[in-house]
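For the protein sequence lines, the chains are A and B, in the order given. When we follow my numbering, the leftmost residue of the first sequence carries the number 620, and every step to the right adds one. When we follow my numbering, the leftmost residue of the second sequence carries the number 117, and every step to the right adds one.
It is worth saying that the hints were derived from the structure and are not from the lab. Ideal Cβ placement from N, Cα and C applies to all residues, glycine included.
Part of the chain B face toward chain A, derived, beta carbon under 8 angstroms:
(1) Gly-146
(2) Asn-162
(3) Gly-164
(4) Tyr-167
(5) Leu-169
(6) Thr-171
(7) Arg-172
(8) His-190
(9) Pro-191
(10) Lys-193
Label-pair restraints from in silico Cβ distances:
(11) Glu-666(A) x Thr-213(B): 36 to 42 angstroms
(12) Gly-680(A) x Ala-185(B): 24 to 30 angstroms
(13) Trp-812(A) x Ala-226(B): 28 to 34 angstroms
(14) Leu-801(A) x Ser-207(B): 30 to 36 angstroms
(15) Ala-811(A) x Glu-229(B): 36 to 42 angstroms
(16) Leu-222(B) x Ala-811(A): 27 to 33 angstroms
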Amino acid sequence: MKLTEAGELRVRGYLFVLHRSLATFMPKEMAQESIREVESHILERLERIEGAVDEKAAVEGVLQHLGPPMKVAQAFAAEITFEEAVATGRPLPVFRALFLVATSLQGFFAALGLLVGYALGVGFIIVAALKPIFPQNVGLILRDGVPTAFGAVSSVGPGTEVVGGYGLIPLSLFAGVGALLLTHRLARAFVAWWRGRLKGPTDE
Amino acid sequence: MTLENWQEQLRRGGLEFAVLLTLTGPPRYGFEIIRHLEESTDLVVNEGTVYPLLTRLARQGLLTTEWVADLGPHPRKYYRLTLEGRERLNSMMRHWTTFAGKLDALATQARGELR
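My request is simple: use the sequences and hints to build the entire structure.
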């Protein structure tokens, strides 16, 4: 079946939306190659339609068999980004998966919580690293005898006191590494659960 | 879990195995793989889920890919099992034979008791 301009436009529109969706999480070359393959599939299907048929219905039928472009993009995300994150557990793929998850409301709050966990871990490790360099400025910060923060202050003014000796270094390191490991474990579990959702039934 | 969800999970688990089985012979392109699966199984509900799976299997080194321009009216991306893919498939087939055999035996026994 040879497509008219209207039919071609419809196919190009589908591929455009799919490409835009894929480009949000895939390397450029990979997204282009996936689009090329899906386009090849569409043309292959259309070529096998013989006789006088309604072009619009035929094109819509082929696209419907493929699924909505957003769903196809989700399937790519589930197979590639999420699969890599779950299988390897490497921080970069996990962060990439969390970034994708954060585009939905539920995912945003989950990703935000995990981000706080990671930040907490990094914060503790920074405190441990800064303590030997600025021993008087790093520790538990008291204002008028009331603990207000744990970390570093640039200058210790009147009414402010920094307490905690070098014993804070192993404690902070332990807390930091612990927070990072726990958060990362939670992140992997969450990404695995999310992947299961994406790979779920896709019939409309 | 509804019956539909259970069927979907079975399909999901079986699709990867079926795709690898489809590629034991000569290289095939995506549409050819889908047609083969559609003719012999009920695994393909949405064609759009097969290409992401093929992409992942290729990234995992189980398949090699090659664009061929002169075997059809437009270029096609052919997939072929790698040595690693063959080894994986052999393992999957061994597991499947044991798994299906045990379930079959259980189902046969249950069928008798259900009557």
